[in-house]
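Enquirer: Sequence:
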Amino acid sequence: MEMKMTGRKALVTGGSMGLGRAIAQAFSSAGAEVAIVARRADVLAQTKAEIEAATGGRIVAVAGDVSTAEGCQAAWDAAIAELGQIDVLVNNAGSSHRAPFVEVTDDEWQADIDLKLFAAIRLCRLAFPGMTERKWGRIINVLNSGAKAPPPSGAPTAVTRAAGMALTKVLAGEGAPHNVLVNSLHVGKIESDQWVRRAAQQGNDIEAFYAEQGKALPMGRLGKAEEFAAAACFLASDAGSYICGAAINVDGGLSPVV
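Residue numbering for the sequence shown is 24 to 281, as defined by our numbering.
Calculated directly from the structure, the hints in this document are not laboratory data.
Do not rely on the hints blindly, as some may be mistaken.
Said to hold, decoys possible - Under the rule of at most 27 Å between Cα atoms (straight-line distance), these lysine-lysine pairs were calculated in the DSS-like manner:
id, residue 1, residue 2
1, Lys247, Lys171
2, Lys247, Lys212
3, Lys27, Lys247
4, Lys158, Lys192
5, Lys192, Lys212
6, Lys27, Lys158
7, Lys192, Lys27
Said to hold, decoys possible - For each label pair, taking beta carbons as the anchor points, the in silico distance ranges come out as:
id, residue 1, residue 2, range
8, Ala104, Arg63, 13 to 23 Å
9, Glu249, Glu156, 31 to 41 Å
10, Gly268, Glu156, 12 to 22 Å
11, Gln224, Gly107, 37 to 47 Å
12, Pro174, Glu230, 19 to 29 Å
Ideal Cβ positions, reconstructed from N, Cα and C, are used throughout, including at glycine.
Take the sequences, apply the hints, and build the full model.
Expert: See the structure below:
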């Protein structure tokens with residue numbers, strides 16, 4: 024099955040590294056024009072150049088902070104100015120933050136909510152009117168396995184990701200009559216720069232580190248960003264035209280919840 028996004032315009036937050044970068048490259052390979060949003064302009068510029076070289080597609084780099092209302096609006100305005108409209112929105116911004124509940128401060132709670140939940144709320148609110156008017160839209164909220172099965176010491180991320188799953192279902196019901204399909208993808212353990220940094224801090228070889236981490240997973244290995252991106256590309260293409268309101272695990276069987 025060939026997944027095509029020819030003519031589509033996409034916006035991917037957290038798009039300079041990891042899952043966001045892989046999703047942007049998959050979209051570009053499928054024919055979409057893609058705006059990638061992240062905080063660091065230098066990393067964005069490098070990612071833009073590398074994806075364009077790999078796919079021959081058009082990538083727009085938007086430096087911005089989506090953890091604030093002003094940042095969301097500025098990123099949206101910049102993407103619209105370049106692309107004209109947004110057909111596909113991927114809310115991917117965020118990193119893992121977890122600690123024993125009593126150790127999580129108010130400031131840490133607020134920062135997590137602003138980046139992982141309010142960014143999605145604000146960008147969806149900007150995207151929804153145009154998508155419903157055109158009778159075509161795709162929104163993908165990148166969450167994690169803890170959204171369905173929050174573990175002990177999983178706050179604040181598991182809580183904000185669980186709220187993101189509820190947001191997905193609310194929007195799916197409102198968008199479905201207008202062919203605006205809203206779904207979430209739930210990540211488990213994926214090979215990433217975050218793991219590379221952690222391995223380096225512990226003085227471990229990264230391949231040995233990946234192998235050790237993979238032993239705890241049903242599939243016996245960590246996933247790759249490209250595997251996760253393939254699921255996003257499926258949902259964003261016409262191939263996923265009857266999937267709406269789904270929370271899909273892309274985690275190698277890690278989640279105990281379907």
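Enquirer: It remains to establish, for every hint, whether it holds in the given structure.
Expert: Verification of the hints:
1. Lys247 with Lys171: 21 Å, holds
2. Lys247 with Lys212: At roughly 9 Å apart (the allowed maximum being 27 Å), Lys212 and Lys247 satisfy the hint.
3. Lys27 with Lys247: 21 Å, holds
4. Lys158 with Lys192: 19 Å, holds
5. Lys192 with Lys212: Since the Cα atoms of Lys192 and Lys212 sit roughly 24 Å apart, the hinted pair holds (cutoff 27 Å).
6. Lys27 with Lys158: At roughly 18 Å apart (the allowed maximum being 27 Å), Lys158 and Lys27 satisfy the hint.
7. Lys192 with Lys27: Roughly 26 Å between the alpha carbons, so the hint for Lys192 and Lys27 holds.
8. Ala104 with Arg63: 13 to 23 Å: The hinted range 13 to 23 Å holds for Ala104 and Arg63, with Cβ atoms some 21 Å apart.
9. Glu249 with Glu156: 31 to 41 Å: Holds, since Glu249 and Glu156 (Cβ atoms, about 33 Å apart) stay within the stated range.
10. Gly268 with Glu156: 12 to 22 Å: At roughly 21 Å between Cβ atoms, Glu156 and Gly268 fall inside 12 to 22 Å, so the hint holds.
11. Gln224 with Gly107: 37 to 47 Å: Check passed, 44 Å falls within 37 to 47 Å.
12. Pro174 with Glu230: 19 to 29 Å: This hint holds: roughly 27 Å between Cβ atoms.
Every hint from the earlier list agrees with this structure, and none is contradicted.
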